[in-house]
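Undergrad: Order-wise, the sequence lines are chains A and B. Start counting the first sequence at 14; every next residue gets the next number (my numbering). Start counting the second sequence at 533; every next residue gets the next number (my numbering).
Calculated from the structure, these hints are not laboratory results. All values reported here derive from a predicted model rather than from experimental measurement. Treat the hints with care, as some may be off.
Unchecked claim - FRET-style restraints, in silico, Cβ to Cβ:
| no. | chain 1 | residue 1 | chain 2 | residue 2 | range |
| --- | --- | --- | --- | --- | --- |
| 1 | A | Asn127 | B | Val817 | 47 to 53 Å |
| 2 | A | Asn120 | B | Ala832 | 44 to 50 Å |
| 3 | A | Ala144 | B | Gly668 | 27 to 33 Å |
C-beta: ideal position from N, C-alpha, C; glycine also.
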Amino acid sequence: MKGSPLNMQKNKLKAVLAVAALGAVALVSAPAQANAAGLKIAIMPKAVNIGYFTAWNKGAQTACKEIKATCTYLGPTEATGPAQVQFINQVIQKKYDVLVISAADQNAIVPSLNKAKAAGIKIVTSDADVAATAASSRVVSVLPAASARIGTAEVDWIAAATGGKGKIAVLSAAATAANQNAWIAAMGPYLTSKYPNMSWVGGTVDKSTFYGDDDATKSTAQFDAILSQYPDVAGIISPTTVGVLAAAQEKKTKNASVKVTGLGLPSQMAPYIEDGTVEKVGLWNPIDLGYVAVYAGAAAKAGTFTGKVGSSFKAGKKSYSVVAGGIAYLGDPFTFDKSNIATFKAIY
Amino acid sequence: MRNLLRIRELPIAVVLVAFFSIAALGNHQLFSFSGLHDLLFGSSIICLLVSAETLIIVMKHIDLSIGSTIGFASYIIGKNASNGHGLLYCLLLGIIFGLAVGAVNGLLVAYFKLPSLVVTLGTLYLVRGLFNQVAGGDFINSDKVPHVLSFMASHTFAKIPYLFIVAFVLALIVGFYMRNFRSGRDLYAIGSNLPAAYLAGIKVEKRTFWAFTAAGGIAGLGGALLIARFGQAQANSGLGIELGVVAACVVGGVAIAGGIGTVFGAIIGALLLQTIVLALGALGVSQFWQGVVNGALLIAAISLDKVLSSRSQRTQIMRVSE
Chain A
14 MKGSPLNMQK NKLKAVLAVA ALGAVALVSA PAQANAAGLK IAIMPKAVNI
64 GYFTAWNKGA QTACKEIKAT CTYLGPTEAT GPAQVQFINQ VIQKKYDVLV
114 ISAADQNAIV PSLNKAKAAG IKIVTSDADV AATAASSRVV SVLPAASARI
164 GTAEVDWIAA ATGGKGKIAV LSAAATAANQ NAWIAAMGPY LTSKYPNMSW
214 VGGTVDKSTF YGDDDATKST AQFDAILSQY PDVAGIISPT TVGVLAAAQE
264 KKTKNASVKV TGLGLPSQMA PYIEDGTVEK VGLWNPIDLG YVAVYAGAAA
314 KAGTFTGKVG SSFKAGKKSY SVVAGGIAYL GDPFTFDKSN IATFKAIY
Chain B
533 MRNLLRIREL PIAVVLVAFF SIAALGNHQL FSFSGLHDLL FGSSIICLLV
583 SAETLIIVMK HIDLSIGSTI GFASYIIGKN ASNGHGLLYC LLLGIIFGLA
633 VGAVNGLLVA YFKLPSLVVT LGTLYLVRGL FNQVAGGDFI NSDKVPHVLS
683 FMASHTFAKI PYLFIVAFVL ALIVGFYMRN FRSGRDLYAI GSNLPAAYLA
733 GIKVEKRTFW AFTAAGGIAG LGGALLIARF GQAQANSGLG IELGVVAACV
783 VGGVAIAGGI GTVFGAIIGA LLLQTIVLAL GALGVSQFWQ GVVNGALLIA
833 AISLDKVLSS RSQRTQIMRV SE
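Sequences and hints are given; from them, build the entire structure.
TA: Structure representation (structure tokens):
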């Protein structure tokens, strides 16, 4: 019985719902599109002379073209809060609609941001956020990945390199580095629970962590120390660009069999990925950070996005939702291997 | 036998062998060829720089600028190599740069009579500042390092790393010069008794100037080893390395009070410090304790030196009175 009343009702309901949904989308997206064209958006890095931010701006400019906004890349030449403040004032005077900013100082720029907010400018921090206590000064912060996921993703990469077995060590930055410590703390239990055939060389992740102080010489020495102390080490995770580079170089020099992965800049890691010393490293993609932040800012200005926890906005094909703290995460760290390193080494 | 006992380097050599053996008992990895290779390879940069520093310390001076010089030289070499210049040209530029920094040090210390500690502390900051200004966020990657250099970093001759061979050959030359040449002996005379050196007709200013210039040149050459060793050059290259060099010299019997010590002693000192790093690491001692042990060893070395030197002074006095 195809045309039972019940089914017909269901279908009707579906049709009504579909029309309603379409209408809602039209209602929501139409003004956004209309308003976005002609928006004046300021893109402000910590400092304009840093290659990483050139890539960040590239993503922002792509988004600007897509929404037909006018984007200006402006900022100081030294990455300090006071230097940024002058440029924020400039943004206020010139009546920009949206400010996308990577905070060079999480406190010093807050009063200026509040002034900008009062002037009706929608602020989105991207790459680096203001202090948590000042979260109300911006609509949302677009950040790479949740701290825990940065750590656990690296465990997944080393597991892929070692075939999911063997003993693992960590070559970190300074013992006091807050970021690294948070990532490493997340690695510990994750490796133990997810990879039963893998373990930490020192028993626990704390006892398996060595500190290279983000210094090439010291990181190299600590890589050597790991190898001599634990000759059976199967993999080393280095969650810092200086450390993973030193580890790759020393692995190559010594022709060591230990697997290496971590957070690395594609331009620096390219030779080692191309010659097979390292299979894969990851890092967030500054291009995506800039791209998504511009969409967040435009949506906020259009009134379709509030920045409240649970609210969401679209950037290109993907939708991003806001989690506790007023933060939208891009998702997993971006990874580089032989397939894409040629493209990214030219970018950052 | 008595002659053998009077060799200053002997005690430190004995300590080195003893320490290495004890550590190797605890971790067999150390006593293997790879352990020895690690030791020589890991200390090759310091071993090269002690040749420069010994020239200076025996004159009762000090050169703290070599860390900045070797770092900037490594960048100069790497930058020019990545711009397509040949290795010899790059090497020459690095050495000339080092000589220039050394000449500035030498000029100020020898002719303007300024204290070397302050002068070279000044050039340490000055050169590092210039380096930061020039290099900025620039990064010389391993694929830009001249092929000969990266080959030297990853290969050995008769199981000895090439980098160490370079450092050792240089030490042979400098050591031979300091021992056998009149001008080399003058450096000891300047350091042990300056007024006497003047009275003996030694050209103190000239010797001091050229010793500093040579030390700078060695640091410039060291830039090639540094970029070979680490496969990279950036504004932080060589940061703080000078203190390790001074430590190696002192532990190796080059008296900070001047007039005593050899390049070979300093090399043994460098090897001993490196052995401690490797051994403590291999034995699972936390890396923070390694700094404690290195510091204690430095103080022990200088204390031992004090005891030995006062004793040999006494024997000398006794001999004179005989």
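Undergrad: Now tell me if each hint is right for this structure.
TA: Evaluated hints:
With their beta carbons about 51 Å apart, Asn127/A and Val817/B fall inside the hinted range of 47 to 53 Å. In this structure the supplied range 44 to 50 Å holds for Asn120/A paired with Ala832/B, their Cβ-Cβ distance being about 47 Å. The hinted range of 27 to 33 Å is satisfied by Ala144/A and Gly668/B, whose Cβ atoms lie roughly 29 Å apart.
Checked against the numbered hints listed earlier, the structure breaks none of them; every hint is satisfied.
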